[in-house]
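Protein chains in written order, with this note's numbering: chain A, 530 to 732; chain B, 229 to 521.
Derived from the structure by calculation, the hints contain no laboratory data.
A virtual CB, placed ideally from N, CA and C, is assigned to each residue, including glycine.
Incorrect hints may have been included.
[What the hints assert, rightly or not] Simulated crosslink set (BS3-like; lysine-lysine; CA at most 27 angstroms straight-line):
id	chain 1	residue 1	chain 2	residue 2
1	A	Lys579	A	Lys617
2	B	Lys238	A	Lys565
3	A	Lys552	B	Lys238
4	A	Lys539	B	Lys238
[Said to hold, decoys possible] Computed far set for chain A versus chain B, every beta-carbon distance over 12 angstroms:
id	residue
5	Gly560
6	Glu721
7	Tyr730
This is what each chain is made of:
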Amino acid sequence: MRYGMVVDLKRCVGCQACTVACKSENGNGPGIMYTKVLDQVSGEYPNVRKQFVPVLCNHCKNAPCQRVCPTGATYKREDGLVLVDHDKCMGCRACYVACPYNNRIFLKRGKTKSGYYGKEMTPYEKVKYAEHQDGIVEKCKFCAHRIDEGITETSCSQTCPADARIFGDLDDPESKVSRLIRSRGGRQPLCEDDTDPSVYYLD
Amino acid sequence: MGRAIPLVEKEFVSGFRQQTEWAWLIASAFFFGKVGSGLFIMSVVLDSRLGMLVGLLIVLVGKGGAHFLYLGRPWRFWRGMARPNSAWIARGIWAMSFMMAAGFLLLLLPMSSALYMPLAVFASICAFVVAVYDGFLLTSSPAIPIWNSALMPVLCMFYSFLGGTTMVLFMKHMGFMQLDEKFAAFLPTLEIGLLVANLLIVLMFLMGSINTGSAGRESFDLLVKGPYALPFFSLAIGVGLVFTLLMSVFGGAHAGAGTVALITVADLVGHFFIFFLLLKIGVFKPVLGFLKI
Ligand code: SF4
Ligand code: SF4
Numbered sequence: 530m531r532y533g534m535v536v537d538l539k540r541c542v543g544c545q546a547c548t549v550a551c552k553s554e555n556g557n558g559p560g561i562m563y564t565k566v567l568d569q570v571s572g573e574y575p576n577v578r579k580q581f582v583p584v585l586c587n588h589c590k591n592a593p594c595q596r597v598c599p600t601g602a603t604y605k606r607e608d609g610l611v612l613v614d615h616d617k618c619m620g621c622r623a624c625y626v627a628c629p630y631n632n633r634i635f636l637k638r639g640k641t642k643s644g645y646y647g648k649e650m651t652p653y654e655k656v657k658y659a660e661h662q663d664g665i666v667e668k669c670k671f672c673a674h675r676i677d678e679g680i681t682e683t684s685c686s687q688t689c690p691a692d693a694r695i696f697g698d699l700d701d702p703e704s705k706v707s708r709l710i711r712s713r714g715g716r717q718p719l720c721e722d723d724t725d726p727s728v729y730y731l732d
Numbered sequence: 229m230g231r232a233i234p235l236v237e238k239e240f241v242s243g244f245r246q247q248t249e250w251a252w253l254i255a256s257a258f259f260f261g262k263v264g265s266g267l268f269i270m271s272v273v274l275d276s277r278l279g280m281l282v283g284l285l286i287v288l289v290g291k292g293g294a295h296f297l298y299l300g301r302p303w304r305f306w307r308g309m310a311r312p313n314s315a316w317i318a319r320g321i322w323a324m325s326f327m328m329a330a331g332f333l334l335l336l337l338p339m340s341s342a343l344y345m346p347l348a349v350f351a352s353i354c355a356f357v358v359a360v361y362d363g364f365l366l367t368s369s370p371a372i373p374i375w376n377s378a379l380m381p382v383l384c385m386f387y388s389f390l391g392g393t394t395m396v397l398f399m400k401h402m403g404f405m406q407l408d409e410k411f412a413a414f415l416p417t418l419e420i421g422l423l424v425a426n427l428l429i430v431l432m433f434l435m436g437s438i439n440t441g442s443a444g445r446e447s448f449d450l451l452v453k454g455p456y457a458l459p460f461f462s463l464a465i466g467v468g469l470v471f472t473l474l475m476s477v478f479g480g481a482h483a484g485a486g487t488v489a490l491i492t493v494a495d496l497v498g499h500f501f502i503f504f505l506l507l508k509i510g511v512f513k514p515v516l517g518f519l520k521i
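Same shape as in the complex, but just chain A (with noise of 0.2 angstroms):
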């Protein structure tokens, strides 16, 4: 078992409707994005090519963030998730330069203790912002917490309206995702860094 994405570049239309609904999903505050979809804009003119790329943690099977980890707060999952420990991490940063996507998200003093309407929080932000924590570094889950209760597809891929984003087993070579990067010939990021990520892209 290992679980991946595909992201279809074709299909992402750039609506940011998966950044959204990550931050409702994991009640991340302002300025705190699991993921995101970048403006990717190449060439010169009047060659120019503009494209949506969605961004998120790989879950890199060799994670150089979790060897970098002095404290044993990143880890690995069976499953292929690159989890953090809120309760282990002090907030070193190591991982956030070793990470060769950027991936990675620190939590200054204070993050957690205003919402989007100031220091006035709102019940959902009161009961969402109480699972973060100041001071350490967060990152994308691959919605482990739904994944424990029996929902095998992450907030985002399950709000995606292009369906740019498909979730699975990558270890199962029957899967939709195991297909897509079959037949389209997925590419994974930055690949020559030899991380191996989960994350697989279609162009």
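Assemble chain B with the ligands onto chain A, guided by the hints.
Quick look at chain B with the ligands alone, frame taken from chain A:
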């Protein structure tokens, strides 16, 4: 890929991206770690207890304090010792702890003690690890190509020796350290040799960084042409190495205490800025560099 993809700051744009998390506090920790351990090693060789004490305090208060201030959850620092098998930070914390324990014990022992020599060797080895582990820490991260250089630990080692030698020179001229005459005469030559060696290693590092791919090239450009060029050429190279070298060559190290104090300050300024700037110019690659026209 390459130059057609920009260096970006905006959150929702893809491109080369500068790292923003490790800056002056980490640079200070690197700086104090190297100067303190360099001074400690030199003082062990020269049998100077005051030098050892100052070296230990620089590492403990300077390096330890900077790390403590930097951590998001400082009181969990002890957790950082959990994974020495794979994490250089954990190895560094262990080395620093052993250096402190062995170093302070050494200060309490008489030199005639049978334990003195083995403890001195052990403490010096730990101090050496403290001096160079940041280099391995930076090298071991694949994310930022300019850091991913085998010369990084060498750079750390030579800067530590240079910092230690400069501090010894300073302490000697201020009358805090009595040195064997032969060694005292050799010290200025050692300082000049180390300054030349550091200059050459910095040059080799820069030449090597041109070939570390497109992100390495972005870092290189930031350092030599971009916003960091002025502090790099003026403070890190100009003040830290060239001015120090000229002052040392033209009699500085043999001259009065004021001149040696000036050399010391210049050397330390350069030392701090070279590592601060190397941290600042760290650039991540674009996630999907393969997307081209
Ligand atoms: S994408 Fe970054 S944070 Fe996620 S597992 Fe890979 S190295 Fe770690
Ligand atoms: S910031 Fe936390 S998760 Fe990241 S390396 Fe440090 S202790 Fe580990």
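Outcome of the hint check:
| no. | hint | result |
| --- | --- | --- |
| 1 | Lys579/A to Lys617/A | 41 angstroms, violated |
| 2 | Lys238/B to Lys565/A | 12 angstroms, holds |
| 3 | Lys552/A to Lys238/B | 19 angstroms, holds |
| 4 | Lys539/A to Lys238/B | 23 angstroms, holds |
| 5 | Gly560 | 8 angstroms, violated |
| 6 | Glu721 | 9 angstroms, violated |
| 7 | Tyr730 | 6 angstroms, violated |
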